[in-house]
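S.K.: Listed below are the residues making up each chain.
Number of protein chains: 2
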Amino acid sequence: MSTSPQRTAPRGRPADPSVEARALNAAVELYSEVGWNGFTMDAVASRAKVGKAALYRRWPTKQELLTNAIAGSKAPDVSLRDTGDLRTDLETMAEGLIGALHTPRGLAELRLQLEAKIYPEILDQAMDPIRSAWTASARTYVAAAVSRGQLPDTASPTLIFDAIRGAIINRFLLTPSHRSTSMLEGRHELAQRVVGLALASFG
Amino acid sequence: MSTSPQRTAPRGRPADPSVEARALNAAVELYSEVGWNGFTMDAVASRAKVGKAALYRRWPTKQELLTNAIAGSKAPDVSLRDTGDLRTDLETMAEGLIGALHTPRGLAELRLQLEAKIYPEILDQAMDPIRSAWTASARTYVAAAVSRGQLPDTASPTLIFDAIRGAIINRFLLTPSHRSTSMLEGRHELAQRVVGLALASFG
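Protein chains in written order, with the UniProt record's numbering: chain A, 1 to 203; chain B, 1 to 203.
Rather than coming from a laboratory, the hints here were simulated on the basis of the structure.
Just so you know, not all the hints are guaranteed correct.
[Said to hold, decoys possible] Facing chain B, from chain A, some residues (calculated, C-beta under 8 Å): (1) Gly35; (2) Asn37; (3) Gly38; (4) Met41; (5) Asp124; (6) Gln125; (7) Trp134; (8) Ile168; (9) Pro176; (10) Leu184; (11) Gly186; (12) Ala198.
In this text, all values refer to a predicted model and were calculated from it rather than measured experimentally.
Glycine residues also receive a C-beta, built at the ideal position from the N, C-alpha and C atoms.
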């Protein structure tokens, strides 16, 4: 952390470490609400209560700001634990995903995945770490279960993960807002049912 | 096709039936690209090459325009056929959904589902027919399969449909844009694998 005078900020004031955190939070929140079309440096600055200059110093473009904001908070749905029991771990992951979708971070990630379809040249770069983390988790995880004899070696990591994450996303998208609380409250049971279905073909 | 003088004499000009179709198409396209935050009457009018007055005459608010535009084109992913064979019909539905997601209409519907989470008071109304159609299809369809003895009567229509539609949406969202063509080309096989997994627990 430098205490030397800064170029464009008010002279002599020490750097405020909370500026970065506030800006990244505001960026995630704003993007989850309005998407790329409304994602401007002005709007982030105003929501975060930071100066625009402070934003541009750290992130010269809004792509960089968004990419950092999304990457900064670890994707909850791919942070798998390995307890040695496949079903338990997948249920924990599924339950975490249901919770995550009800946060700005989860919504922002889903929105980014959708909007990368529309603005690939701008947003595919921000999506790449998310895609890679997801694919790597699925592979590592299923490989471990195969090595423990809990899955046959023909099991497709992506198909199993697509079915779990997909079923939860679909249920989330089709649940009216006034039933969000009851979806959250029932997340343990939903996670069990979804994982049960995804693993059913393996006996 | 009218041959009467146009442009400067709006009064008395016969209604142009193509105005409505152009406006609805433009609304779906625009919404799929920019979302609610950029969805304005101005932008729809300009894309559809129709006057703003013509839009407001038909749809007094942008909610009404969007709801009509989305409802106007039938959701491809819920138009099930009933050939008597459950697996074949679900595969046809799944394949249709993969195709639909690669169109503005499919993207617009997915975006609407996401944005209804953020602006429920504005967009839940537009989502209601989509939710109802989806739930009704799942129930009718699974009930028919149960009555033919193709599924046990404990089978959950929503879980089966969530797994199929969800897995496809998840695969779509995680596929980089430069691989869209190959996802489309492989849609028959993907549909088979996803339906196979969703039905695996029923033997």
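S.K.: None of the hints should be skipped; say for each whether it holds.
M.R.: For each hint, the structure was consulted:
1. Because the closest C-beta pair between A:Gly35 and chain B is about 5 Å apart, less than 8 Å, the hint holds.
2. With a least beta-carbon distance of about 4 Å to chain B, the hint placing A:Asn37 at the interface is held under the 8 Å criterion.
3. Annotation: interface hint on A:Gly38 holds; nearest CB of chain B at approximately 4 Å, less than 8 Å.
4. Nearest Cβ of chain B to the Cβ of A:Met41: about 16 Å, over the 8 Å cut. The hint is violated.
5. The criterion of a C-beta within 8 Å of any C-beta in chain B is met by A:Asp124, whose closest approach is roughly 6 Å, and the hint holds.
6. At its closest, the beta carbon of A:Gln125 sits 10 Å from a beta carbon of chain B; the interface hint therefore is violated under the 8 Å criterion.
7. Because the beta carbon of A:Trp134 sits about 6 Å from the nearest beta carbon in chain B, less than 8 Å, this interface hint is met.
8. For A:Ile168, the suggested interface contact is upheld, since its CB lies about 7 Å from the closest CB of chain B, less than 8 Å.
9. Hint status for A:Pro176 relative to chain B: holds, with the closest Cβ pair at about 6 Å, below 8 Å.
10. The criterion of a C-beta within 8 Å of any C-beta in chain B is not met by A:Leu184, whose closest approach is roughly 13 Å, and the hint is violated.
11. Against a cut-off of 8 Å between C-beta atoms, the interface hint on A:Gly186 is violated, since the closest Cβ of chain B lies about 13 Å away.
12. For A:Ala198, the suggested interface contact is upheld, since its CB lies about 7 Å from the closest CB of chain B, less than 8 Å.
The earlier numbered hints that this structure contradicts are 4, 6, 10 and 11.
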